[in-house]
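Based on these hints, arrange chain B on the given structure of chain A.
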Amino acid sequence: MKNKNTFLITFSFLLFFSFSLSAQSSLSVSSGISKDLNNGSYSFYGIPVSVQWKPSKKEKAALFLEMNYDFVFPVKGSGNAYTLNPAMPQEVTLPENIGTSLFTLGLGFRVHLYTNKKNNSFYLNLIPLGISAQHFNVKYKNYDDENYEVMNPDVNSAAGGLVMSIAVVYNFNKGKQDQFVMLHVQTPTGFGEKNAYPLSYKSIAPMQLTFGFHFYYNKKKENNEK
Amino acid sequence: MKNSMLLFAVVLFFSSCEKRNFFPDEDDPGLSRLTFYGYNIATSYINNVPYVNPYRHSFFDFSGNYRPSVERLMTNSDFDTLSISWPIEINDTGDVNHTRFYSISLLTPISKTFTIKDFLALSGKRLSSDSNVVLLNSNISGSFKGVSNLYFIKITNDANYLSFSGLFDGNVGDSILITKGRFDFRIDAADINF
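Residue numbers (this note's numbering), protein chains in the order written: chain A, 4 to 229; chain B, -19 to 174.
This is chain A alone, in the form it adopts within the complex (with noise of 0.2 Å):
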């Protein structure tokens, strides 16, 4: 909910300035799939929301933000849990749920790679410096806490810091929809625990495949980009 409330007040507040800015700044807005690169046991899939603001004039070694929030699907697991009530089983598997969200703010700069003669182009985004921040909320099932306890438990957590992210956009269709499609790959954070206690699960590291369309404000003809 929290990371909702950042997104939306953030993402109102680029919107309000790529009004008011002069010409050739763009709004970037993608959603596809995401898969999570560094949890081997779990695979956290999600749908990914991007939103990119270059405010500069140039199309190449601009400079940007971008935002990016992953609705991620939880994920099923499973824990042992035991009780010395004589009546019940000394043993029981419970199901576990692990839910999680994850925002990133970054700042990068686009790097030209290729343009054809239908003026479609390859771009790489490197985004060098980024935050984000990821929420886990673990919920077993059927667990009696009054009688039972869980061995080794997974427990709610948060993680968070510097993160960095490379993607590989190709433009099409550049003057009539400006769509493109983009591959991102982002580096996991730690969960920056002294004396960290161990989860079943790791930070995300999220591979995206979006697809999306640029607004341009007053976009200029455009000219051979070569």
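The hints are simulated quantities; they were obtained by calculation from the structure and are not laboratory data.
Take these hints with a grain of salt, some might be off.
To be verified - A few chain A residues that face chain B, going by a derived Cβ cut-off under 8 Å, partial list only: (1) Y85; (2) L87; (3) E152; (4) V153; (5) N155; (6) Y200.
Each residue gets a CB set at the ideal place from its N, CA and C atoms; glycine is no exception.
Below, chain B without anything else, positioned relative to chain A:
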């Protein structure tokens, strides 16, 4: 030379320090989670007051959670006694009026030929209060003897270290109730006498 000696002392100090490894159980305030990580942590409620084994601070010697004493007590009866004892303290410095217990012992009868193999065979065994005894020692009121339930959830022997985790509870009549007890111990197998 002096700086080298000081640096060496600091390195030696930190290398012999163990972490507290107390991770709060969200369902049972004041108690640590049930784990099998060799944390040498044991917690329980005694009359709803959380107790924990103390942490030992020492500059020149080992620092860490107090380990249990595990020993076989010889008796004149048909059975000997397996004793698992550790010091305890209240895990709430704000409670100054409660009777303070300073140690707890869990006692269970064993055969005269009990060995480490027999101890390992207790893994996964739930022992009822028919035969188990709990002893609580108090600073003010002496010792209290009652009955206990004991569950050795997991016991392993790894590179001459015995790791064992489990649950326990007990009572001394109606006046003292031990509830939600859990332990996660790892001791040198050479420290036991069977």
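Here is what the structure says about each hint:
1. Interface hint at A:Y85: satisfied, since its Cβ lies 5 Å from the closest Cβ of chain B, which is below the 8 Å cut-off.
2. The criterion of a C-beta within 8 Å of any C-beta in chain B is met by A:L87, whose closest approach is roughly 5 Å, and the hint holds.
3. Using the Cβ-Cβ criterion of 8 Å, the hint placing A:E152 at the interface with chain B is satisfied: the shortest such distance is roughly 4 Å.
4. The interface hint given for A:V153 is met, as the beta carbon of that residue sits about 7 Å from the closest beta carbon of chain B, less than 8 Å.
5. For A:N155, the interface hint holds, the least distance from its beta-carbon to any beta-carbon of chain B being 5 Å, beneath 8 Å.
6. Against a cut-off of 8 Å between C-beta atoms, the interface hint on A:Y200 holds, since the closest Cβ of chain B lies about 5 Å away.
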